[in-house]
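Produce the complete structure using the sequences and hints provided.
Chains as they are written, first to last, in our numbering: chain A, 1 to 436; chain B, 1 to 436.
Be a bit skeptical, because a hint or two may be false.
To be verified - No farther apart than 27 Å at their CA atoms in a straight line, the calculated lysine-lysine pairs in the DSSO-like style are these:
1) A:254 - B:148
2) A:200 - B:50
3) A:316 - A:254
4) B:148 - B:254
5) A:148 - A:114
6) A:200 - B:254
7) A:114 - B:200
8) B:148 - B:200
9) A:172 - B:172
10) B:30 - B:83
11) A:254 - B:200
12) A:148 - B:254
13) B:30 - B:50
14) B:148 - A:148
15) A:380 - A:172
If you're looking for bench data, these hints aren't it; they were derived computationally from the structure. Fair warning: this is a prediction, and the values are worked out from it, not measured in the lab.
The chain contents come next:
There are 2 protein chains.
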Amino acid sequence: VTRTLISELSAHVGEQVSIRGWVQVVRDQKRMQFLVIRDESGQAQVVLFKEESPNELNETISALAAESAVTVSGMVVADERVKLGGLEVQLSGLTVDSPAEPELPIAADSALDKRIDWRYLDLRRPDRRLIFEVQSTVEHSMREFWRKEGFIEIHTPKLMGSASESGAELFKVEYFERIAYLAQSPQFYKQMAMAAGFGKVFEIGPVFRANPSFTSRHDTEFTSVDVELSWIDSHEDVMTFEESWLAYVLGVVKEQHGEQIEATFGVEVVAPTLPFPRVTLEQAKEWLREAGYDSVPGPTHDLDPPSERALSTIVKERSGHEFTFVTDYPTTVRPFYHMRHPEDLSLTRSFDLLWRGIELTTGAQREHRYEQLLAQAADKGVETESIQYYLDFFRFGAPPHGGFGFGLTRLLMQLLGQENVREVTFLYRGPNRLEP
Amino acid sequence: VTRTLISELSAHVGEQVSIRGWVQVVRDQKRMQFLVIRDESGQAQVVLFKEESPNELNETISALAAESAVTVSGMVVADERVKLGGLEVQLSGLTVDSPAEPELPIAADSALDKRIDWRYLDLRRPDRRLIFEVQSTVEHSMREFWRKEGFIEIHTPKLMGSASESGAELFKVEYFERIAYLAQSPQFYKQMAMAAGFGKVFEIGPVFRANPSFTSRHDTEFTSVDVELSWIDSHEDVMTFEESWLAYVLGVVKEQHGEQIEATFGVEVVAPTLPFPRVTLEQAKEWLREAGYDSVPGPTHDLDPPSERALSTIVKERSGHEFTFVTDYPTTVRPFYHMRHPEDLSLTRSFDLLWRGIELTTGAQREHRYEQLLAQAADKGVETESIQYYLDFFRFGAPPHGGFGFGLTRLLMQLLGQENVREVTFLYRGPNRLEP
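So, in structure tokens, the structure goes:
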């Protein structure tokens, strides 16, 4: 069967075609039968005159359950009265490739948890599908940019022999005669790629967090986007890369899906201008105080979600920009391997990127000098025995390097105005959710 | 510091530049000092006249351990006598970004296991690096092709609530109050994407096998490449897609790395012609017998590795082609969800793709009709209780579909003539190997 996509029907008026998809609606009238067929490109009306067709076919159509998978053959006819593209297909043949059971287990207004039980039916909604089309475009344009810049793609192991930086939230795996751990981040291994002289690397892959939270922002498995660059002079080089890269990606998304995203989710895709605004954490807190924000976190503390939202609003008012790099976090809120400012050892060469009120990514220059790294681990009270393999990466010549990482779903939620990570994840995983 | 890549030095003759990389060699002569610096683009000779430079600098250079990470500033001078590109850099400044300890733990001829202990040093060898440059090109060209064809990229969960098709070789994860399993394949979930109406999908991601083998071909975690297509008429459509896609990928690899692969590994990259030869399993066994091959597997058996090698040789002699699709495997050697031939229910609509003597991929049309799927599961004695979530994908209209999958390392090994999966994996994982 040569399949014609519904979006291409207008090029086949007067021709016999086969369309293949799902039964959206069956309308059985006295003299005619109507079907609406949905495929990945759109919807089409199919019509059959009862008098001109065999009884058996009429009965098959009457009995068709919505969501059955079918192949419809017929003539494409232009008819201005038809709402679906001014076209209809006059049915001459029908094959039920796979019937649906008569009662669908979910509807569009079913509770989210129920929709996830039947995720594949939920994903048949065109707005859900759009999320994953946008995800595909986001990832592809990220990779195009990396590729042009000479990045190497790496796949780091998800099975690890020891806990990484933090022992918390780790999943344990029965690994032959011992225990393995699931990677919470490719952090240490992307740094290994720097020590290996790979120059610039990226990875898009799963990470795992044994976090018992049920919030709309937490999950136990998600897709992490990670970047690491060598031979930088400071975290400024990392930010310069990240902003150009994100501006490229959002530009492509706007071009390819901007109208559809606005029509579907009511969110405008804005291709950001360069450079993104930058503000030190200290200055950001000053701005918050000046704006009358009354619960500014103390000097050794990170911003909390409400102050991130407030700061984004302030920056938006000042510069019109949706993005803000907040820089120079104190060592108290950063891991031991973030490089410290030579002129102020209490501050790190690190940043967060805020977007539309939330923290999108975290980045930093890393400490690449073995002795300093050991000293910083000791200073932060980090137990180094289990991470000696990581410290070893810095014993035989490591380049200055830095990078950033984030969850792909976080970007999609902001981009598409979605409130729940479950909506932008193909199959969500949480403490009570391992199915389907 | 504005860094100049070594490969770009010839455009900077007569200019002051900074190159950044690793110390390959230090040669301390009476009146001069030579360094060879290596970066990701090549190697360069650096020279210093002792009489014209401070003692302190001479001493720093004398004390430099090989593999230290350094930044060298100097004037680029053309000199035909210099083997490395007819250029040298006359040193004016040197920064040791990170010194190497004096004694390297591995050498080029160290045992493989030892080299993996110090994988980052092993990966500094340009031939090792080339493997991952080629991997990046392979993946990028795969994705370019998919993108042009309208595929959606999916990320299926690696944490699963129940064993998939086979309970063997599964890793168990302590998952809050219960047990989760690590995915051995995205098979069931890429089929879910078909039931969701995604049309055509791909995934490149990790899979896990609790296989206790230590062979050169086995590992416990590897990167799987998976493709699934809807609205096919038979497995022939899957093969037609796969051969065009692979021919594109190998064409790009040949163009971008062909010469370097041949120079480094002595292997020619051949961009295959279309179509690839096809032979039924039954016919393939007949060819083997005709060729005098004396241990042809019986009628209900798959080919074993020696007969795959023999068959590849026969096809190469017959048609000059490196690839062979072997089709129509009996149900005895295929999972229950492979569709059966309507005209011979003992055969499946399935195939293997052989390349240079080994099985590269396995593919099939899947059974999308719920009742048939149940019947086939019963026929094969499959316990369906734990996979009801999978069977449910077929209850509300599933399109005819099929696909294929394979380990990325398998392709790289054949492409680059590598004998051990450990060489083409960024960080190998095996029964005794969870570090680094």
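Indices of hints not satisfied (ascending): Violated hints: 2 and 5; rest satisfied.
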